[in-house]
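Peer 1: Those protein sequences? They're chains E and D, same order as listed.
Here the numbering used here is used: the first residue of the first sequence is 1, the next is one more, and so on.
Here the numbering used here is used: the first residue of the second sequence is 1, the next is one more, and so on.
Derived from the structure by calculation, the hints contain no laboratory data.
Don't take each hint at face value.
If chains are identical, the list can't say which one is meant, so a pair holds when it fits in one copy or spans any two.
With a Cα cut of at most 25 angstroms, we get these calculated BS3-like pairs of lysine-lysine [stated by the list, open to error]:
| id | residue 1 | residue 2 |
| --- | --- | --- |
| 1 | Lys76 | Lys289 |
| 2 | Lys293 | Lys27 |
| 3 | Lys47 | Lys128 |
| 4 | Lys79 | Lys202 |
| 5 | Lys29 | Lys50 |
| 6 | Lys76 | Lys202 |
| 7 | Lys27 | Lys236 |
| 8 | Lys289 | Lys102 |
| 9 | Lys31 | Lys58 |
| 10 | Lys210 | Lys102 |
Please read these numbers as outputs of a predicted model, since none were measured by experiment.
2 protein chains.
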Amino acid sequence: MPKKKYAIGVDLGGTSIKIGLVDEQGKIKFKTTLDSNSSLGPKHVIKQIKHGIKSVLKETNYEIIGIGIGAPGTIKLKKGTVEDPPNFTGWGRVHLGKQIEKEFNIKVYVENDANAAAIGELIYGAGKKINSFIMITLGTGVGGGIIINKKIYRGEVGGGGELGHVTIDANGVPCKCGSIGCVEAYIGNNYLIENVKRDLSKNSNSKIKKLCRKDFSDLSPKIIFEASQLNDEYAKSIIQKTGRCLAFGLGSIVNILDITTIVIGGGVAGFGELLFETVENTLCTRVMKPFRKRIVVLPAKLKNEAGIKGASALVFYKS
Amino acid sequence: MPKKKYAIGVDLGGTSIKIGLVDEQGKIKFKTTLDSNSSLGPKHVIKQIKHGIKSVLKETNYEIIGIGIGAPGTIKLKKGTVEDPPNFTGWGRVHLGKQIEKEFNIKVYVENDANAAAIGELIYGAGKKINSFIMITLGTGVGGGIIINKKIYRGEVGGGGELGHVTIDANGVPCKCGSIGCVEAYIGNNYLIENVKRDLSKNSNSKIKKLCRKDFSDLSPKIIFEASQLNDEYAKSIIQKTGRCLAFGLGSIVNILDITTIVIGGGVAGFGELLFETVENTLCTRVMKPFRKRIVVLPAKLKNEAGIKGASALVFYKS
Chain E
1 MPKKKYAIGV DLGGTSIKIG LVDEQGKIKF KTTLDSNSSL GPKHVIKQIK HGIKSVLKET
61 NYEIIGIGIG APGTIKLKKG TVEDPPNFTG WGRVHLGKQI EKEFNIKVYV ENDANAAAIG
121 ELIYGAGKKI NSFIMITLGT GVGGGIIINK KIYRGEVGGG GELGHVTIDA NGVPCKCGSI
181 GCVEAYIGNN YLIENVKRDL SKNSNSKIKK LCRKDFSDLS PKIIFEASQL NDEYAKSIIQ
241 KTGRCLAFGL GSIVNILDIT TIVIGGGVAG FGELLFETVE NTLCTRVMKP FRKRIVVLPA
301 KLKNEAGIKG ASALVFYKS
Chain D
1 MPKKKYAIGV DLGGTSIKIG LVDEQGKIKF KTTLDSNSSL GPKHVIKQIK HGIKSVLKET
61 NYEIIGIGIG APGTIKLKKG TVEDPPNFTG WGRVHLGKQI EKEFNIKVYV ENDANAAAIG
121 ELIYGAGKKI NSFIMITLGT GVGGGIIINK KIYRGEVGGG GELGHVTIDA NGVPCKCGSI
181 GCVEAYIGNN YLIENVKRDL SKNSNSKIKK LCRKDFSDLS PKIIFEASQL NDEYAKSIIQ
241 KTGRCLAFGL GSIVNILDIT TIVIGGGVAG FGELLFETVE NTLCTRVMKP FRKRIVVLPA
301 KLKNEAGIKG ASALVFYKS
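Isolated chain E (complex conformation) (with noise of 0.2 angstroms):
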C-alpha cells in the first residue's frame, strides 16, 4: 500500500488564523486556531503562524510534503510574498513563504485565497471532474477564481479573477474598490446586511425582525435564510435580489470566458436552494443562446474550514 501523503493548510485572516493537517482525500486530521495579531505587524503574525504548525507538527508522526498557505492581499507566487493584505497593520510586501520554509525546511505555497478556494474546489471538491469552472467566494467581499483546462488563471500579473468586480450597473452605488456598482457592493456580506437594516426600520412585518436583537446587531445571511425557511416573503425576496445580482455579473464572465460551470461557495451561499435556484435562472437569460443549455450551478463542497482545506490543497495542486 501506498504511504499516505498529508499537507498543512494555513488560513491566513484578519482575526483569526485557522491551521490544519489535511489528507490527500482533503480530510482534516488535526486543527488549530490562533489570534491573527494582525494590528500588532508582520513579525507578530509570522510568530502566530509558526507557533501554530509547531503545534499541528507535535500532534502527528505523519510525513508533511508541503505547507499551503491562503492570503488576502496581492500575492507573488514564485517568491511567496503577501503585499498589503487588507485589515493587516504595517505590512507593506512580506517573504512570508520563504520565512516559514526557512524555519520548517518543508516546501512552502503561498496563494491568495480566492484563487486557493477554487484549487480547494478543484483537487478535493465540485469541481474534481469538471475541467473549466468558475469559483465564486460569496463572504465579507465576493472573491473569485477560474479553472481552465485544470488549471487556475491568474493573468498577466497575478491578479486575474476579481470576479466581484465586474459591474452590474455602471451608474449604480459606490463600490470600495473605487469603482461604481460592481457586484460585491450589492451582495457583498456588509453591503447586504447594510441594506437589509436599512429596509427592516421601515418594514416591520419580517420574521427577520423576530430573530434578531433589536438593535439587528446579529443580523447575517444566517438569520435571513432561517426567515427565508419560515416563508418569510421578504427574506425570500432579499435571497432572490442576491442571486440575480449575481447572475448579472455571472453573465459577463460567461459571455467573455465561454465557461459554463459555475460552482459557489462562501456563507450568503447558505442562502440555499432558492438562492441557487435564482442564480441559474436568471444566468439562463443574461448568456449567449449557445450557452444557455450548457449552463450548470452549483454548491461549494468544502464548506466548513474550506479555508484550511483550500490552502492545504495547493500543495497537491500540479500548476
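Place chain D on chain E using the hints.
Peer 2: Just chain D now, kept in the frame of chain E:
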C-alpha cells in the same frame, strides 16, 4: 533570399465577400469584392467565394500557403464549419472549410470574424510586440477577441470573447442577444445612430444636422466625428458617452482577466483621439487599483481591409 510566402484572406460578410492576396507583412497585393448572395442560400455563397478565389489565383504566380476565412456565426475550427451566420438565409451548419479545400487543394483556416481581427492585429498590427491584449471591434456589433500569451482564447467550445455582451447596466436597455444592458446595446452602430437620431429631433443646434440629409438617412459615425472636429459640443458628448460605455464594459473584462492592453478597431474607432482618451481615463477609474498604472489603450493598426488582412493572418498564425 528566402522565398516570400503568400496567403489568401476571405472576409465573408452578409452583403459582400472581400478576397485578397496578402504577404507575410500583411500587405495586400491584389483584391476583389463580390456580392455575398447571402439571401440565395449557402450553395450560391460558396460559389461566389470559389469564383473570387479563382480570380485572385489567376492574377498571381506566387505560391499560396493557405486560405484564411473570417466568417460570422459559430465556427467549429477543426471541422471548418460555419453555423447560422446572422443575415444569411437557409444556412444551418455548412462545411465551408472542407468545400474550399477540396476545390483548390490548399489548406483552409476558418475562424469567426472577431477572432480573425484579433489575430490580424497580433500578426501584422498593434499587437505584434504584445503578449496579451483585448481586441475590441466597434461596428454594427461590438465584437472582441482575447489574446493571452500570443494565443487566441477560445473558451470551452470556441464561444469565448463575446465582449460586446458584457453588462454595463443590468436594468438598462434590451439587447438583441436577449440580455439587458450589454455594451453593444449602447454603442453598437445601429443603436448609437438610432439614439443620436432621436436626440437630434429634439436638439436643433448641433452641426450634425447640417452635415446630414434632412431625414438623417446618411447619419454615420464619420459624420459625428466630422461635427466633433468642428467643435460641436453635442457630437463631442456622443463620443465621450460612447467612450465611457465602452470603458464600463472593459473595466469588468480587465478585472476578470488581468489583461491591461486594449486595442480598439472598427468604424466607431474613427471617433479618434477624444474616444481613446475618454476610454483610457474612464477605464482607469473602473479597474482595481493595481491595474490602473498598467492600462494602455491603442488604436488598431489594420484599418482599411482589416477583414481581408485578419482572415489572411489565420494562415500565418501558429495556434
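Peer 1: It remains to establish, for every hint, whether it holds in the given structure.
Peer 2: Against the structure, the hints:
1. Lys76 x Lys289: between (38 angstroms within a copy, 16 angstroms between copies)
2. Lys293 x Lys27: neither (35 angstroms within a copy, 43 angstroms between copies)
3. Lys47 x Lys128: neither (35 angstroms within a copy, 48 angstroms between copies)
4. Lys79 x Lys202: Answer is neither: 52 angstroms inside a copy and 60 angstroms across each miss the 25 angstroms cutoff.
5. Lys29 x Lys50: This pair counts as within: shortest intra-copy Cα distance 19 angstroms, inter-copy 68 angstroms.
6. Lys76 x Lys202: neither (47 angstroms within a copy, 55 angstroms between copies)
7. Lys27 x Lys236: neither (34 angstroms within a copy, 61 angstroms between copies)
8. Lys289 x Lys102: Intra 53 angstroms, inter 32 angstroms, cutoff 25 angstroms: neither.
9. Lys31 x Lys58: within (12 angstroms within a copy, 76 angstroms between copies)
10. Lys210 x Lys102: neither (53 angstroms within a copy, 75 angstroms between copies)
In this structure, the hints that do not hold are numbers 2, 3, 4, 6, 7, 8 and 10, in rising order.
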